[in-house]
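Using the hints, put the two standalone chains together into the complex.
Chains as they are written, first to last, in my numbering: chain E, 533 to 825; chain L, 15 to 331.
By construction, these hints were calculated from the structure, which means they are not laboratory data. Some hints could be false.
[Said to hold, decoys possible] Per label pair, the in silico range of CB-to-CB distance:
(1) E:Ala-672 - L:Glu-239: 12 to 20 Å
(2) E:Pro-643 - L:Glu-323: 19 to 27 Å
(3) L:Ala-183 - E:Ala-672: 54 to 62 Å
(4) L:Phe-169 - E:Ala-586: 29 to 37 Å
(5) L:Phe-93 - E:Ala-694: 38 to 46 Å
(6) L:Phe-95 - E:Ala-694: 39 to 47 Å
(7) E:Pro-643 - L:Phe-321: 24 to 32 Å
(8) L:Phe-176 - E:Ala-694: 38 to 46 Å
(9) E:Ala-672 - L:Val-194: 56 to 64 Å
(10) E:Ala-586 - L:Arg-164: 22 to 30 Å
(11) L:Trp-99 - E:Glu-693: 50 to 58 Å
(12) E:Thr-627 - L:Glu-323: 39 to 47 Å
Note that the structure is predicted; figures quoted are calculated from it, not measured. Positions of the beta carbon are idealized from the N, C-alpha and C atoms, including for glycine.
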Amino acid sequence: MKEENGGHPTSNVDRSKEQPAVRFDLRGFLTPAESAITLRNVSVVFPGKRSGEAIHVLDDVCASVAQGEFVCLVGPSGCGKSTLLNIVGGFLPATAGEVLVEGKAVRGPDPRRIYVFQENGVFPWLSVRENIAFGLRSRASTERARIVAHYTAMVGLDGFEAAYPGELSGGMRQRVEIARALAANPDIIYMDEPFGALDFITRLKMRADLVRIWQSEKKTILFVTHDIEEAVQLADRVLVMSPRPATIQEEVRIDLPRPRDLDSPGYLEKRDQIFRVMGMSLRVGEQLQVAAL
Amino acid sequence: MTTSWSPTLTLPRPVSANESTLGGAPVPRAGLAVSPEQASEVCDSRMLSEWPARETHARPGAHLAHVGLRIGLPLAVAFAFLLLWHAGVRFSGSDLFPTPLEVARGIIELGQRGLLLKYVVASLFRVSWGFTLAVLIGVPLGLLLGWYARAFQAFNPLIQIFRPISPIAWIPLAILWFGVTDMAPIFLIFLASVFPITVSAIAAVQNMQPVYLRAAQNFGLSRGELFRQVILRASLPQIITGIRIALGVAWLVVVAAEMIAVNSGLGYLIIDARNAGKRYDLVVAGMVMIGLIGLVLDLLVRQLEKFDEVRWGYAKR
Numbered sequence: 533m534k535e536e537n538g539g540h541p542t543s544n545v546d547r548s549k550e551q552p553a554v555r556f557d558l559r560g561f562l563t564p565a566e567s568a569i570t571l572r573n574v575s576v577v578f579p580g581k582r583s584g585e586a587i588h589v590l591d592d593v594c595a596s597v598a599q600g601e602f603v604c605l606v607g608p609s610g611c612g613k614s615t616l617l618n619i620v621g622g623f624l625p626a627t628a629g630e631v632l633v634e635g636k637a638v639r640g641p642d643p644r645r646i647y648v649f650q651e652n653g654v655f656p657w658l659s660v661r662e663n664i665a666f667g668l669r670s671r672a673s674t675e676r677a678r679i680v681a682h683y684t685a686m687v688g689l690d691g692f693e694a695a696y697p698g699e700l701s702g703g704m705r706q707r708v709e710i711a712r713a714l715a716a717n718p719d720i721i722y723m724d725e726p727f728g729a730l731d732f733i734t735r736l737k738m739r740a741d742l743v744r745i746w747q748s749e750k751k752t753i754l755f756v757t758h759d760i761e762e763a764v765q766l767a768d769r770v771l772v773m774s775p776r777p778a779t780i781q782e783e784v785r786i787d788l789p790r791p792r793d794l795d796s797p798g799y800l801e802k803r804d805q806i807f808r809v810m811g812m813s814l815r816v817g818e819q820l821q822v823a824a825l
Numbered sequence: 015m016t017t018s019w020s021p022t023l024t025l026p027r028p029v030s031a032n033e034s035t036l037g038g039a040p041v042p043r044a045g046l047a048v049s050p051e052q053a054s055e056v057c058d059s060r061m062l063s064e065w066p067a068r069e070t071h072a073r074p075g076a077h078l079a080h081v082g083l084r085i086g087l088p089l090a091v092a093f094a095f096l097l098l099w100h101a102g103v104r105f106s107g108s109d110l111f112p113t114p115l116e117v118a119r120g121i122i123e124l125g126q127r128g129l130l131l132k133y134v135v136a137s138l139f140r141v142s143w144g145f146t147l148a149v150l151i152g153v154p155l156g157l158l159l160g161w162y163a164r165a166f167q168a169f170n171p172l173i174q175i176f177r178p179i180s181p182i183a184w185i186p187l188a189i190l191w192f193g194v195t196d197m198a199p200i201f202l203i204f205l206a207s208v209f210p211i212t213v214s215a216i217a218a219v220q221n222m223q224p225v226y227l228r229a230a231q232n233f234g235l236s237r238g239e240l241f242r243q244v245i246l247r248a249s250l251p252q253i254i255t256g257i258r259i260a261l262g263v264a265w266l267v268v269v270a271a272e273m274i275a276v277n278s279g280l281g282y283l284i285i286d287a288r289n290a291g292k293r294y295d296l297v298v299a300g301m302v303m304i305g306l307i308g309l310v311l312d313l314l315v316r317q318l319e320k321f322d323e324v325r326w327g328y329a330k331r
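Chain L extracted, bound-state conformation (with noise of 0.2 Å):
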């Protein structure tokens, strides 16, 4: 059968009545992400990027204006909140609550000490450990219990024990078992996200859609073909969905686990501060650099959303 594929054998390019209006001229990528409701139309579908339909129509102006206002109105709500902030401090006489401006010398204090690169670096490293682990444990496991029902009904009861048992209620045991070492809040954090990981993989493994198996069957993957090509595949965007919660679950254990198991981070700058001296412009400085370094966190994994393997996951249907 292989005379079939001859090169030789050219034929007219058809051109449908879709494709007749790019002149089949490739098209570029970017900002065609659309559903298939309303794919039916290339030519349309081009039109409809990320921005809404009126927006792209308005007048030339109207572009500028949006950018500012999506920039802008943030802002002054934030300022706003700082104002109120500041007030409140003011007019309540409190001596102990900072106000704005005393946290932002605080955090430049700590700057200036070193404590603040060695706090953030000591909590990253803790997070990227117990982080890390989970995933290497949980998506694995998460991809084999999805995958044969026969584990996931033996094992699932367990995991769900286990599941919303809080981080913080294993304090007590993750000294016990490890002491005042990087060691504890490691594991406290590795619990906390190894469940919505692997959870979410044995979902992404059970809600793959069967069409997407069969024809790989019938393409004759092998066994483990199947697993990298196929079933990874698909459940990768929710897989990677799992990871972003786990990660921002980490963080916030990540304090939790510092104020009580070890005597570096910014869970224990938080509870040091407040211990050694009621320095509370201290403590809300450490609560301000977990919420911006959570975002920036939170940012980062966004990114992973953001690949061609992965969009289609996300598209709205």
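With the rest of the complex left out, here is chain E (with noise of 0.2 Å):
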């Protein structure tokens, strides 16, 4: 595999012609064998409502994420971010481009990569213990006792284990399919925008366990949110999507000490580089600068 690294992330325009078959890889120096996803080159094309309409959804998307790094995903809403991660995932074919996680190629969905879904895949029909075993089901009762014991404490629904789903709260919800996740023991997880339907304090307060459990599990983790502060609060490092369609605009490393302090003036100026990136305005009612920034 080539690699150049000559070219900026934002150099969006003007590769129509000396387009390398490889552009570059966001982590530079990454090989596919130390880093647990690699995306090269993928695009993806919809075809449109009319016949030969097409809607180019990903155009040309180079990143890769470490082991045992948290990385967030950030865009603009419709920008084929949870799109990215379907492909990720092999829920979803690239259009062209090649996805490798831990050096093969992606060819559908796979138990050591568990997906945690925006709608909510936890299955209503199980209760708690059974969503959270769902992934055990070849090991000894025994084990898997101790194994669901275990996630059940750690995502803190002790207490509701015979529960079912629909008796609990969405956040609650949200915990179980973290932790069925978790139980499954998969190398990466892959989230999409888990706390997306959650009250603001729910929110905070799962960021901050999910964190807690991430340095504890050490699990590679790409997680997609269209919410910059969550990315800041979460992250390692954050790949900002362009509007569709889609490229990695900009790569933001969030080098900040956990648990991190929403105040502090280096979370702050991380914010407030992603906001630009994006080109928004960060106080309400001006109207968008993009030109300015």
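Here it is in structure tokens:
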């Protein structure tokens, strides 16, 4: 694999001609063996409503995620973040380019990479305990019970093991899904706006819990969100996507210590940096100042 | 990676804003049917049980009054109906149409002659067979047609043509094929109930939320596991609704079938009581029994909807 690092991530214009086969790797020096996830020139085109019309959703996306890294993917709504995560998760084929996970091309969903869904994929016909045990079907029952108890406690759902998802709050259901994902012991967890439907306080709490769990479990997490604050609170690195057809517009490394202080200058600086990349004014009521930035 | 499962990894149990009030204590499951919008706070949702909030907060005696009203009101309406019926028969001076009291006496007479039990059992026997066959064939057929789009395209037009044909229209053919045996009404009941069951099973699979399927795929389920553990489970609430409708239709049809095709059962009782001596008290007695047994059957099937595994499918969203 040839790697070129000369390009700038934002060089969205004028790559019609001398477009190299592999443009650049955002982390620069990662080889596929070191990186958990590698995206090489991934493009997606959906057929439009009228025949002949094509919707370019993703355009030549290149990125990689290291083992154990927490990466957030942010971008304006409808830019194709979820589509990208679906491709990485193996639920959707890319039109062009390739996705490598642990060095191998993705050919479909895999129990070693668990997806946490935006619309909550917890099974309503199973109790909390049965849901968390779902990825443990092949294990001996005593071991299964031990693992389930461990992750039930980790997400703070002790006492709710026999409850059904319909009896739980939205935040608790999301915890069940996270526990179910962790219990299956995947190498990677994909999360598609998992806290989007929750209220503000619950969301803050869930983020703190997720970081704590990630620190103890050392999983690789690729997390899609439209919420810039969320990305800065969670991630080691934020990949900012452009509007459609989307590319990775900017990479922002968040090297702030955890737990993160949401009032610290460092936090606000990173947040504002991403706001500026996305071309948004920080003052409510002001017009978008894309040109001025 | 198994090391990360080590049980020595003990973490402090986090207490979230909405759990802290519960102190981590187990929450009783009953009465926790809450819609997602209401469910943001568990402590709130516990108050939103089956009773509307205003009644839980009302004064102590209110609950008793409420229950009294719930039982008393329907009883009063039923009594008024019987009274009106009685008065209507008396005023019209009809000597054929029975009063409620005569009907009650008719039921007792049937019971004493041993006919009541015999006919009820005969009708239930036929319904059980026809209906069971319909469930055994309709549910798997519906699941398959719901899952395989090609098969659905192929078979759906045929089903849609057969479905509107009243089972009553099949009576001549049923007698031709099966004669005056139990098989004729069983066949008719099967026809009546297999379509609602099949169609509801098809719709259940087709309307299944794709996220369940994707989650199941993600966990690497085999084809058989996927069908048993996800597709069937996700479809069950709607299938049970179809089964309930089908049983109602089956009970309607058994009466019609027995009037023509056999020599026993509640349907036969009605037609026989009329033909053999214009015993309209027994005709109405038969009708009352049909109504009561139909009610009991529906109440029984409704119990299926109360299982935890399917209750989620009926929650108001």
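(request) Give me the numbers of the hints this structure contradicts, sorted from smallest to largest. (result) none
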